[in-house]
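**Student:** Here is what each chain is made of, one letter per residue.
4 protein chains.
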Amino acid sequence: MSNSEFLTSSRTEELLPKYRAFLKEHLYPIEKEIIYGSFKAHLPQLNSLRQLAKKEKLFAPHLSESEGGLGLSLFEFAGISEVLGSSPLGHYIFNCQAPDIGNMELMHQFASKELKDQYLKPLQRGEIRSCFAMTEPEHAGSNPKHLSTLAIRDGDHYVINGHKWFTSSADGASFTIVMAVTDPQNPNPYQRASMILVPLDNSGYKLIRNIPIMGDVGEDYMSHGEVSFTDCRVPVSNLIGYEGQGFVLAQERLGPGRIHHCMRWIGICERALDLMCKRAVYRELDPGRPLASQQTIQNWIAECSASIKASRLMVMNTAYQIEKSGAKAAKEDISTIKFFVSDVLMKVLDKAIQVHGGLGITDDTLLSFWYRHERGARIYDGPDEVHKSVLARSILKPYMNHE
Amino acid sequence: MSNSEFLTSSRTEELLPKYRAFLKEHLYPIEKEIIYGSFKAHLPQLNSLRQLAKKEKLFAPHLSESEGGLGLSLFEFAGISEVLGSSPLGHYIFNCQAPDIGNMELMHQFASKELKDQYLKPLQRGEIRSCFAMTEPEHAGSNPKHLSTLAIRDGDHYVINGHKWFTSSADGASFTIVMAVTDPQNPNPYQRASMILVPLDNSGYKLIRNIPIMGDVGEDYMSHGEVSFTDCRVPVSNLIGYEGQGFVLAQERLGPGRIHHCMRWIGICERALDLMCKRAVYRELDPGRPLASQQTIQNWIAECSASIKASRLMVMNTAYQIEKSGAKAAKEDISTIKFFVSDVLMKVLDKAIQVHGGLGITDDTLLSFWYRHERGARIYDGPDEVHKSVLARSILKPYMNHE
Amino acid sequence: MSNSEFLTSSRTEELLPKYRAFLKEHLYPIEKEIIYGSFKAHLPQLNSLRQLAKKEKLFAPHLSESEGGLGLSLFEFAGISEVLGSSPLGHYIFNCQAPDIGNMELMHQFASKELKDQYLKPLQRGEIRSCFAMTEPEHAGSNPKHLSTLAIRDGDHYVINGHKWFTSSADGASFTIVMAVTDPQNPNPYQRASMILVPLDNSGYKLIRNIPIMGDVGEDYMSHGEVSFTDCRVPVSNLIGYEGQGFVLAQERLGPGRIHHCMRWIGICERALDLMCKRAVYRELDPGRPLASQQTIQNWIAECSASIKASRLMVMNTAYQIEKSGAKAAKEDISTIKFFVSDVLMKVLDKAIQVHGGLGITDDTLLSFWYRHERGARIYDGPDEVHKSVLARSILKPYMNHE
Amino acid sequence: MSNSEFLTSSRTEELLPKYRAFLKEHLYPIEKEIIYGSFKAHLPQLNSLRQLAKKEKLFAPHLSESEGGLGLSLFEFAGISEVLGSSPLGHYIFNCQAPDIGNMELMHQFASKELKDQYLKPLQRGEIRSCFAMTEPEHAGSNPKHLSTLAIRDGDHYVINGHKWFTSSADGASFTIVMAVTDPQNPNPYQRASMILVPLDNSGYKLIRNIPIMGDVGEDYMSHGEVSFTDCRVPVSNLIGYEGQGFVLAQERLGPGRIHHCMRWIGICERALDLMCKRAVYRELDPGRPLASQQTIQNWIAECSASIKASRLMVMNTAYQIEKSGAKAAKEDISTIKFFVSDVLMKVLDKAIQVHGGLGITDDTLLSFWYRHERGARIYDGPDEVHKSVLARSILKPYMNHE
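These protein sequence lines map, in sequence, to chains X, Y, F and S.
For the first sequence, the residue numbers in full-length UniProt numbering are 1 to 403.
For the second sequence, the residue numbers in full-length UniProt numbering are 1 to 403.
For the third sequence, the residue numbers in full-length UniProt numbering are 1 to 403.
For the fourth sequence, the residue numbers in full-length UniProt numbering are 1 to 403.
Keep in mind that a hint or two might mislead.
To be verified - Below 20 Å or equal to it, Euclidean Cα-Cα: the simulated EDC-like pairs (lysine to aspartate or glutamate) are: (1) Y:347 with Y:363; (2) X:328 with X:252; (3) S:328 with S:252; (4) Y:347 with X:25; (5) X:397 with S:274; (6) X:206 with X:138; (7) F:397 with Y:284; (8) S:278 with F:138; (9) X:397 with S:284; (10) F:121 with F:65; (11) S:397 with X:274; (12) X:278 with S:332; (13) F:347 with S:350; (14) X:55 with X:25; (15) F:32 with F:219; (16) S:113 with S:65; (17) X:145 with Y:286; (18) F:145 with S:284.
As the list claims (entries may be wrong) - Now the in silico label distances, taken between C-beta atoms and shown as ranges: (19) S:293 with F:347: 26 to 32 Å; (20) F:347 with X:325: 37 to 43 Å; (21) X:116 with S:73: 46 to 52 Å; (22) S:206 with Y:329: 53 to 59 Å; (23) Y:40 with X:161: 38 to 44 Å.
Calculated directly from the structure, the hints in this document are not laboratory data.
All C-beta atoms in this analysis are idealised placements derived from N, C-alpha and C, irrespective of residue type, glycine included.
Okay, chain X solo, but in the shape it has when bound (with noise of 0.2 Å):
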């Protein structure tokens, strides 16, 4: 795909071919193995692709240099992630994977120097990882206010009482950070909530299962956690921000996270026309006629393109707009890719697996994993339905002060 001064900056520029060929070489041959086959046992080989990463300068993009990263901002990182979004494997080799970026970002603003010193540190240098624990079985998860985890305050601790699941990634993290009710009383329910982080050593905490999600029940980084908080105990030096912060700290972790998603998935989506167009070319109907001979597959690519194009420049007007004026100015754009764009993902999938005929429902194409695994996007971070709602109401709050 064309890119234009209208997407990139010259940083990118430059860095884009080189990311591209670092997929190209040590991604794209392995990728299937690893997340079809067990992730665990391929940790030694995904850690020396990071070290690789790091030797070629490309580990951490979104980090600042002094951190050890590449110091891009949120636009430039937006135009890496699409590239990265290629593989399953792209975000986590170069340790810019989801939900760990989001814990940096979180605890880089608002995390004290001590939780820094020993946490954030190495989880930027890519020693160890975490997770997020917000989402409870409990409650409908597009209402974040509505949750039944309490952190209780005794003495210098907290203790934690919950029950936790989606906690991505939980199955070898070395902390999360939790949402708990630490002023149930408050009147004003978007302060009632604080984030704290707990080591996942702590005896009151449990990872239950590894949920099984559309047929994978996962391990390690590939997987989403079921997880208890059972007379849980952290000082209470371990808040994040401060308290009743809580549902402020999840909106602004949410701000960036959702251009790494959608850019990501655009990745996926650049992926799957790809793929589709070389099924198309390659796969005849009879001989010398190939699928790409066919007007229906043609209006398919046609689509495609034209809404993965939408989606891009969205996107990453979206991440100029957030960088320019803030998270808050950008909101209404950001409910708006959020819908957008994982509407677009889901329907490109589809085509390219009809495309794919019956090879394009087996496990020999990535196109299962993404079908499987992305439809979550239109249900996490809120439900397409609410951000619509969101959007809607935004727009139309104008309207209701002048009649």
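Assemble the complex: chain X is given as a structure, and chains Y, F and S must be docked to it using the hints.
**Tutor:** Below, chains Y, F and S without anything else, positioned relative to chain X:
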């Protein structure tokens, strides 16, 4: 769902509640454990349920009474089939599951008495299983005359060489019917292939692998085999029908086969709609404000209900037309239901998942199983795109002559 | 389109070819001139066609034989109605056009003998026309209990004041039935309004304008009036049914009314599909390469055909249910067909236009007329959105009680 | 809608509020009366607004300053064009309306000095109007090389014979540019036609009729002519470009032309969304419960807003690419915006109508005008289907070579 004389006979009015009760009592409580666990390990349990089905005179509804069945017409069986489709185990328990039912229908009409005695009868009694080897990985399955598998006559035997996949349920089956080219030079490509029965203990046959489909390798009945035939010798008397009749038989096999699939899909849709309604009523956004109060959820429920109703009427009407005038006369309707209902199926499942939120992508409900394993519905037995062209050309034919 | 016993009776099997022949011979050749020209100027021609319809015993198929009709059941009339719908003049010629047919059904059941003699009988004979004044510009038509028009009792008279629009065919009509609030204080909002017959030569009534609809002011039968009632006095005996029954009667009027509309829409769809096929075969992209050879065009034809077929089966089944169990029992089906078929209608018209290219947007075909004048189908008699909510709430009801 | 440096220049940042204010003050109050009434009768009023536009230095934004315009780049004009598109009179008042703007661009580049002096200059000043005669009723407009109109050389003249339609704004125009075959035997079909300027007072030219489009015959600028050329003689010097260059010039004309159309459509979309929001806030289902509180309405507003934003970014980016690298390099993007934005346009109009209920289908709002007169957007300048195939084949090209 209320049914009317439009859709039922007095026979099915009597039977439907019995099947519904059987499923509710015996299958719904165990189905998730079996489909997400080991099918093979549960064979004893499944077999005892088959015995119970026999005892309650519900076994093999599609077979004549002399064959141990209930003697239902295609139209009547369609109504039952919807109910059975509501559980992934439904058809299996009553021995009317694909691909066996298709093989039973085929052999009933076209197999020799010897083949019937040796293979069909135990199949009808549920003592053995079978499979059907047609699609080849090297060729587009949508073009059934594009085949490489050869069956060369050598005295009283055919020597078969070829490579097939999507030979569903090959693992554990006793025989397959294979589609192979017996007359490669025939100027009419529709007369080149034949159907031959191959016992699977033949040393020339090999189950290469159970193909991993959307995250599941599967096993036994719940699997899709990739198989090979290497100098595989079978007696000429294993021919089904006569030489060169393969394509015609495949069409014969597919006519009622599409009714079976479509009604099963409608059963899945009804179950998914039921799960959707239950979840919408149970899950609260805020205390006292269930999902069911959201207009978007209501729209989905209404739209799903409408398209399920439309599907049922179309499929039942098609079954009626086939019975009345034969599959050939009903071919437009058969193409129509194939693409119409498979599209409805995937849309209903998608909405059901979305209503379930995070739970919808876990393997804690049936939705994940269907979302993954029914995606093929829009591909197998002719992808939707082929059926649309076939239908349109048939509709356009009379116009061509007039102009 | 082939019909079957599923959809026809022996009576309609005999009548359908006669109606088809009548339309083909007498209406298709003149319809464009009339609908795109002056309806009023063609009244003599239209009246002579009505005489011909009477002579051929095809007039008023919905009326009993004693009323001068054919005595068809709702189900049987539905089949005829589809054929009539294929011409914009069809229902009018046979005197079964909205809004008159609704008024006939209503008065037949609920009007006094005097009102029947004076108004219903000439209406049934096609000597006069009528209209129905319900929707008010000031209130959402989707909420039928939200009305401002008042009918205050003054001795033996009602004095009516109010403002209505979408009083279809008011221009040239002899009387209207007006929905007016007679008991504004009634605690039950569904019991506040009544239906009153107002002769249009009443000095308190005024036709303000024929509303320009999608570029057409229209005239006579083909118009939509904005009307006012100013101290409009009518005898209390002009009441239809009893006081406070207005809402109940409106529901009664709408049940069969939706069957009539839906079948008319299906008739339009079939005609549009016919035009589409003709154009696809005739129009060449290059010499020898007609539009019909394009897969996209084939997809549209297949998809339109499928959804028309689904629509017909659903509406006929609903007519059957109404006949069998009454409109109340069939209310889910009635809501379903309203939004399902109006959506199909607009999609089929859209595709038919696209196949016609530039010609499709001219008034040289019927498509422009329907594209414009049937857009209201998704709005009148309750917008689709209302019907979806109504249906969903009805489906969800049993779930609510269980939880 | 907030714009950013992503989409504007300092020049347009300054101009946009002026255009918005001009339209709001001078056009919005009168536009409905003019478009639903007689355009011709309002010419004096329209002309005085053009004088005002000149006085306020807003006239002809697309022309260089030496030609009396503002000297905006294509990218800058695109931003202005969106604002102008919000009124059906916008482009006309500022003399940058199709088809004149296309003729201006064409003649500026390719006409002789004499033709420029005699025809282009008064056109640029808004003293005369022009039209463009290309599409023929006998041939699919989507195949521009399929033409019957002939221009036979006879000494110093061409003698033109042919039949054209969709010659927009022919009524009242001073000249047309006609696409005619000058070299029918040329083996390269793309080199057979030429563009020739024909003054409309030529006796061989005839305006057969203003074609009734969606209920409007139209007149003057707001019309679409069907015209004929019968032994119509024009000097050879009336040729635009050189002989055989017709097809190339048509492509040149269409490149920026599509930017103009697309930005105008986006202007319509924004206005329709604005009407939708106003109506949603104003219209109450029950007292205190406006349409805007309905989730379905919110969904539509959010989805419309998202797709308008996507459209704008894509079109602006395409304008930027054309400026930077030429129309040829941007041809994929040009095809993309054509089908993407025309689809968005019709969907937004459809939702806006639905939100307006009955009012939406009357001519009491602008929506009826656009719904009818912009339906052609998916047809003219190449139907969507052609653009999709063109785009897909371009995307697939590199894959073909590799396989």
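**Student:** Hints first: check each against the structure and report whether it holds.
**Tutor:** Hints and how they fare:
Taking the CA atoms of residue 347 of chain Y and residue 363 of chain Y, the gap is about 19 Å. The hint holds against a cut of 20 Å. As the CA atoms of residue 328 of chain X and residue 252 of chain X are separated by approximately 9 Å, the hinted pair is consistent with the 20 Å bound. Under the criterion of a C-alpha separation no larger than 20 Å, the hint pairing residue 328 of chain S with residue 252 of chain S is consistent with the structure, at around 9 Å. Our distance criterion of 20 Å between C-alpha atoms is broken by residue 347 of chain Y and residue 25 of chain X, whose separation comes to about 38 Å.
The straight-line distance between the Cα atoms of residue 397 of chain X and residue 274 of chain S is roughly 12 Å, inside the 20 Å bound, and the hint therefore holds. Our distance criterion of 20 Å between C-alpha atoms is met by residue 206 of chain X and residue 138 of chain X, whose separation comes to about 18 Å. Of the supplied pair hints, the one linking residue 397 of chain F and residue 284 of chain Y holds, its CA atoms being roughly 16 Å apart against a limit of 20 Å. Annotation: proposed proximity of residue 278 of chain S to residue 138 of chain F holds, straight-line Cα distance about 15 Å (limit 20 Å).
For the given pair, residue 397 of chain X sits about 16 Å from residue 284 of chain S by alpha-carbon distance, which is consistent with the 20 Å threshold. Using a Cα cut-off of 20 Å, the hinted pair residue 121 of chain F and residue 65 of chain F holds, with the two alpha carbons roughly 13 Å apart. A threshold of 20 Å between alpha carbons decides the hint, and for residue 397 of chain S with residue 274 of chain X the separation of about 12 Å falls inside it, so the pair holds. A hinted pair counts as satisfied when its Cα atoms are at most 20 Å apart, and residue 278 of chain X with residue 332 of chain S qualifies at roughly 19 Å.
The hinted pair formed by residue 347 of chain F and residue 350 of chain S meets the criterion: a straight-line CA distance of about 12 Å does not exceed 20 Å. With a C-alpha separation of about 15 Å, the suggested pair residue 55 of chain X and residue 25 of chain X falls inside the 20 Å cut-off, and the hint holds. Between residue 32 of chain F and residue 219 of chain F, the direct Cα distance comes to roughly 15 Å. Compliance with the 20 Å bound is thereby established for this hinted pair. Note on residue 113 of chain S and residue 65 of chain S: the hinted pairing holds, with a Cα-Cα distance of about 18 Å set against a maximum of 20 Å.
Taking the CA atoms of residue 145 of chain X and residue 286 of chain Y, the gap is near 9 Å; set against the 20 Å cutoff, the hint holds. Under the criterion of a C-alpha separation no larger than 20 Å, the hint pairing residue 145 of chain F with residue 284 of chain S is consistent with the structure, at around 13 Å. At roughly 29 Å, the beta carbons of residue 293 of chain S and residue 347 of chain F sit within the given window of 26 to 32 Å. One distance hint, 37 to 43 Å for the beta-carbon pair residue 347 of chain F and residue 325 of chain X, holds here, with the actual separation near 41 Å.
The hint said 46 to 52 Å for the Cβ distance between residue 116 of chain X and residue 73 of chain S, and at roughly 49 Å that hint holds. Checked against the given bound of 53 to 59 Å, the beta carbons of residue 206 of chain S and residue 329 of chain Y, roughly 54 Å apart, stay inside it. Taking 38 to 44 Å as the suggested C-beta distance range, the pair residue 40 of chain Y and residue 161 of chain X conforms, at roughly 42 Å.
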